[in-house]
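*Asks:* One-letter residues, chain by chain:
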Amino acid sequence: MELHVSLQKSFGAFSLDVTFTVQGERVGVFGPSGSGKSTLASLLAGLQQPDNGVIRLDGELIYDSQGAINVPPEQRRIGIVFQRPYLFPHMSVKGNLLYGYKRSAPANRRIDFDSLVAVLQIGHLLSRGVHNLSGGEKQRVAIGRTVLSSPRLLLMDEPLSALDDTLKFQIIDYLKAASEAFRIPYLFISHSLLEMRIMADRVLAVSAGRIEAQTTAEDLARSRMGLSPVGYINLLRLAHPRRVGGMSAYAWGGTELLISAGSDRPEALFELSSKDIILIKQHPDAISARNLLDCAVSGTFRSGNKVGVDLACGDGRLVAEVVQEAARELGIEKGSRLFAAIKASAFRRLG
Amino acid sequence: MPAFTSAEYLAILLSLKVAIVSTLVSLPFGLGVAYLMTYRQFRGKVALDVAVNLPLTLPPVVIGYILLLLLGQKGFIGRHLLQPLGIRLIFTWKAAVIATAVVGFPLMVRSIRLGMESVDERLIQAARTLGAGWFDTIVTVIIPLSLRGIAAGSALMFARGLGEFGATIVVAGNIPGVTQTIPLAIYEYASSPGGDRMALALCLVSVLISVVVLLFHEYFNRRIAKAG
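For the record, the sequence lines run as chains A and X.
Under my numbering, think of the first position of the first sequence as 1, with each following residue one higher.
Under my numbering, think of the first position of the second sequence as 1, with each following residue one higher.
Keep in mind that the hints were calculated from the coordinates and are not lab data.
C-beta atoms are modelled at their ideal positions from N, C-alpha and C, and glycine is treated no differently.
Incorrect hints may have been included.
[As the list claims (entries may be wrong)] Derived Cβ-Cβ restraints for the label pairs, each shown as a range:
| # | chain 1 | residue 1 | chain 2 | residue 2 | range |
| --- | --- | --- | --- | --- | --- |
| 1 | A | 213 | X | 39 | 46 to 54 Å |
| 2 | A | 267 | X | 39 | 26 to 34 Å |
| 3 | A | 207 | X | 57 | 15 to 23 Å |
| 4 | A | 72 | X | 16 | 37 to 45 Å |
| 5 | X | 220 | A | 105 | 52 to 60 Å |
| 6 | A | 32 | X | 56 | 41 to 49 Å |
| 7 | A | 61 | X | 59 | 38 to 46 Å |
| 8 | X | 56 | A | 72 | 14 to 22 Å |
| 9 | X | 216 | A | 267 | 44 to 52 Å |
| 10 | X | 39 | A | 32 | 26 to 34 Å |
| 11 | X | 27 | A | 94 | 54 to 62 Å |
| 12 | X | 45 | A | 261 | 53 to 61 Å |
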C-alpha cells in the first residue's frame with residue numbers, strides 16, 4: 001500500500017496541515033488526543049471534506065481540490081473500525097457482517113465469509129441481535145463487518161481505547177489474525193505507544209495537527225524512553241511455562257525467566273520496563289532478584305538524560321536504561337559484559 | 001344514540017379517507033424534507049424551514065384561502081397547471097386532502113426530524129464507508145432507525161387530518177356526501193336547530209377513532225422498541 005496525502009483543514013482555532021507519503025502494510029498514526037488523528041481518518045475516508053489538498057491511494061487519485069476530484073466514501077473502499085463498534089441496532093450479527101459484503105463488487109471480494117467468522121470466532125453469534133453481545137464480541141463483529149467489505153485500506157481509529165486491558169489484548173490478537181489472514185493494509189490510529197509497538201511497523205507521529213516524524217514504532221519508543229515515566233517497554237512473548245515454587249518459568253534467550261505474574265495459558269505477552277532492569281558489573285554472591293542474566297551490550301543510545309542499553313542475553317534482546325553517570329562508572333560500551341538483575345515481580349502480563 | 005343516515009356514514013368514511021390519503025401522500029415528502037433539514041447544508045435552508053412550519057402558526061382558514069387563490073380557476077397553479085391537464089380540485093375531496101396535507105405537514109416533518117436527529121451519525125458514516133450510497137443509507141439505516149419518529153409523525157398527521165376544519169371548509173366546501181367530513185358535519189348539526197344529538201353522536205365517533213389511532217400508535221411503538 002502506498003498512501004500519499006497532502007491536506008489542509010481548519011476549524012476554529014485548530015488546523016490540520018499534513019503532507020506525507022507512507023508505504024507498508026502496517027502503518028501507525030501516533031499522537032496525543034486532540035492532535036488531529038481522527039480528523040485525518042475522516043478526511044481519508046471521505047467523511048469530512050478538506051479545505052484543500054490531495055489524497056492518492058496506490059496511485060489512484062481519490063481527492064484533489066485542484067482537479068475537483070472527490071470520490072464519495074462508498075466508492076473509496078477505505079474501511080473504518082471506530083473506537084466503539086457502532087453496529088446497526090436493527091440488524092442481526094449476520095446482517096451487520098454482510099452489510100458491506102453485499103455492497104462490494106464481486107470482483108473485489110477477497111474475503112470468504114466462513115473463514116472470517118472462524119478467525120474472529122463469532123460463528124455462535126450470527127443469528128443473535130447485536131444488543132445481546134458483550135463489548136468484546138461487538139468489537140469483533142465490527143472488525144468483521146469492515147473486513148468483509150474488502151477494503152483496500154483499513155483505518156482503525158483507536159479501536160481498542162474503549163476496552164479494558166484484558167479485552168484489549170484479546171482484540172489485538174483478533175485484529176492481527178484478521179489482517180494477517182486476509183492481508184489488508186491498515187492505518188492504525190492510537191495514542192498508545194504500546195499498541196503502536198504491537199500493531200505497526202512504520203509510524204507517523206502526529207502532534208498539534210502536524211506530522212512530527214515518520215519513523216518506526218521501535219525508534220519512537222527509544223526516542224521517548226528518557227521522557228516517559230515508564231521508560232522503554234520491553235515486550236516479551238513467552239510460551240510454555242513451568243511452575244517453579246509459586247512462580248512461572250518461561251524459556252527465553254537460552255535461559256529461563258522467573259515471573260510472578262505467570263499464566264496457565266500456553267502463550268502470554270509480558271511487558272518489562274527498562275527502569276526495572278538493574279545492571280551489575282560483577283556477578284553478586286546472592287541477590288533477591290530472581291533473574292540474573294549474563295548479557296553483552298550490543299549498543300547504546302541517548303534519550304533525554306538517560307542512556308539506553310541494548311542487551312543481548314543469549315538470543316534474547318532487552319533494553320535497559322541508566323543515568324549517564326552510571327553508564328560511565330559501569331564502563332558501558334558496545335561489547336562489554338554485564339549482569340542484568342530483574343525481579344520476578346517486574347514483569348507485567350498483558351491481557 | 002340516533003341512527004346515522006347515509007350522509008353521516010359518508011362523512012365518517014370521507015374523514016378516514018382524507019386523513020389516510022393525506023398522510024400517505026405527505027409521507028415521502030415529509031421524509032425528504034426531514035432528511036434535507038437534518039443532514040444537508042444548503043442555501044435557503046432557513047427559508048424552507050419557515051415555509052414548512054408556517055402552517056403551524058397560520059390560522060387554517062388563511063391556509064385554505066391561500067390554497068383557494070393558488071388552486072382556483074384564476075389561481076397560478078390552477079390556471080397554468082391544473083386547467084391544461086383537465087384537473088379540477090376545488091370543492092372536491094382531493095382539495096380536502098391537499099388542505100389537510102398542508103396543515104398537518106409541519107407536524108409530520110417535526111416528528112420525523114426528531115427521529116432522524118436521534119440516529120447516531122457514526123452509524124451513517126459506517127454505512128457509507130461500507131459501500132452504501134446516500135440513498136441506500138437512507139433506506140437501510142436512517143429510515144429503519146427513525147421509525148418511531150416516522151410513526152409518531154404519521155399518527156399526528158392522521159389525527160390532525162381527522163380534525164381538519166378551517167382550511168377544508170374554505171377550499172373544499174361543506175357538501176354532504178362529497179366533501180363533508182366529520183368536523184364539518186358536526187358544525188352543520190351544531191348550528192342547526194335540533195341537531196345536538198347528531199352532533200354529539202358524531203363527536204363520540206371522533207373520540208372513538210382518535211382512541212383507536214392512539215392505541216395503534218402505542219402498540220406500534222412497543223413493537224419497534226422490542227425489535228430494536
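*Asks:* Now look at each hint and say whether the structure bears it out.
*Replies:* Hints, verified against the model:
The given range of 46 to 54 Å is broken by residue 213 of chain A and residue 39 of chain X, whose C-beta atoms sit roughly 38 Å from each other. Take residue 267 of chain A and residue 39 of chain X: their Cβ atoms lie about 48 Å apart, and the range 26 to 34 Å is violated. The hinted range of 15 to 23 Å is not satisfied by residue 207 of chain A and residue 57 of chain X, whose Cβ atoms lie roughly 52 Å apart. Separation of residue 72 of chain A from residue 16 of chain X is about 44 Å and conforms to the stated range, judged on CB atoms against 37 to 45 Å.
For residue 220 of chain X and residue 105 of chain A, the Cβ-Cβ distance of about 38 Å falls outside the hinted range of 52 to 60 Å, so the restraint is violated. Taking 41 to 49 Å as the suggested C-beta distance range, the pair residue 32 of chain A and residue 56 of chain X conforms, at roughly 48 Å. The hint said 38 to 46 Å for the Cβ distance between residue 61 of chain A and residue 59 of chain X, and at roughly 57 Å that hint is violated. The supplied range of 14 to 22 Å is broken by residue 56 of chain X and residue 72 of chain A, whose beta-carbon atoms lie about 36 Å from each other.
A beta carbon spacing of about 58 Å between residue 216 of chain X and residue 267 of chain A contradicts the range 44 to 52 Å that was offered as a hint. Between residue 39 of chain X and residue 32 of chain A the C-beta distance comes to about 32 Å, which sits within the given range of 26 to 34 Å. At roughly 30 Å, the beta-carbon separation of residue 27 of chain X and residue 94 of chain A lies outside the given 54 to 62 Å, and the hint is violated. Evaluation of the 53 to 61 Å hint for residue 45 of chain X and residue 261 of chain A yields a pass: the beta carbon distance comes to about 59 Å.
When held up to the earlier numbered hints, the structure conflicts with 1, 2, 3, 5, 7, 8, 9, 11 and fits the remainder.
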